[in-house]
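Undergrad: Sequence:
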Amino acid sequence: MRRLATVASSGLGIGFAPWAPGTFGSLLGLLIGCLLLDHGHAPLAAGIVIASVIGLIAIPRTGRATEDPGWIVIDEVAGQMIALLGLPYLTGSGVLLAFLLFRLFDIRKPWPISLADARHDALGVMADDWIAGVFVLVILLVLRQIWPGVGL
Numbered sequence: 009m010r011r012l013a014t015v016a017s018s019g020l021g022i023g024f025a026p027w028a029p030g031t032f033g034s035l036l037g038l039l040i041g042c043l044l045l046d047h048g049h050a051p052l053a054a055g056i057v058i059a060s061v062i063g064l065i066a067i068p069r070t071g072r073a074t075e076d077p078g079w080i081v082i083d084e085v086a087g088q089m090i091a092l093l094g095l096p097y098l099t100g101s102g103v104l105l106a107f108l109l110f111r112l113f114d115i116r117k118p119w120p121i122s123l124a125d126a127r128h129d130a131l132g133v134m135a136d137d138w139i140a141g142v143f144v145l146v147i148l149l150v151l152r153q154i155w156p157g158v159g160l
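Going by our numbering, the sequence shown opens with residue 9, and the numbers climb by one from there.
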């Protein structure tokens, strides 16, 4: 059971990349999210729920739920997909902006992301990335209002 939890939490092993595992986890979320968003926002939302539930169940079963080790990237997968909800449809510039902003917030962890990150449980591991994704979602929605028709 622990092995399955580790595989799920690590994004099918992507979290064991020798460098920048969070970035690779975000790229996995970007890939899955783009595939889902290509079919609409409802499939993307379903993917977010599925990734989140997998994370909340799998992380405690890894035996590492009291910390956020770099190899656990299911949180980046879910958070990155949340960020993509701010796009009306797929464009290269929109996807790139969603990715870069998500990585910025995930790495810098401004308040209240830092509050969630301070929790020492599976919810804390997941929640900081959910909040980072929501930050990006809001920014993309605001940019869409400022520049309508751009397709961010």
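Hints in this document: simulated from the structure, not taken from any laboratory.
Warning: the hint list may mix true and false statements.
Computed Cβ-Cβ distance ranges for the label pairs, DEER-style [what the hints assert, rightly or not]:
| hint | residue 1 | residue 2 | range |
| --- | --- | --- | --- |
| 1 | Trp119 | Leu149 | 17 to 25 Å |
| 2 | Gly78 | Leu104 | 20 to 28 Å |
| 3 | Leu131 | Arg10 | 41 to 49 Å |
| 4 | Pro118 | Leu151 | 38 to 46 Å |
| 5 | Pro156 | Arg10 | 19 to 27 Å |
| 6 | Leu20 | Pro118 | 27 to 35 Å |
| 7 | Arg116 | Trp27 | 12 to 20 Å |
| 8 | Ile115 | Leu151 | 16 to 24 Å |
| 9 | Gly71 | Trp155 | 43 to 51 Å |
Since we're looking at a predicted model, the values are computed, not measured.
For glycine and all other residues, C-beta sits at the position ideal for the given N, C-alpha and C.
Undergrad: If a hint holds in the structure, say so; if it doesn't, say that too.
TA: Structure-based check of all given hints:
no., hint, result
1, Trp119 <-> Leu149: 17 to 25 Å, "holds (21 Å)"
2, Gly78 <-> Leu104: 20 to 28 Å, "holds (24 Å)"
3, Leu131 <-> Arg10: 41 to 49 Å, "violated (20 Å)"
4, Pro118 <-> Leu151: 38 to 46 Å, "violated (18 Å)"
5, Pro156 <-> Arg10: 19 to 27 Å, "violated (50 Å)"
6, Leu20 <-> Pro118: 27 to 35 Å, "holds (30 Å)"
7, Arg116 <-> Trp27: 12 to 20 Å, "holds (19 Å)"
8, Ile115 <-> Leu151: 16 to 24 Å, "holds (21 Å)"
9, Gly71 <-> Trp155: 43 to 51 Å, "holds (47 Å)"
Figure legend: structure checked against the earlier numbered hints; hints not met, in rising order: 3, 4 and 5.
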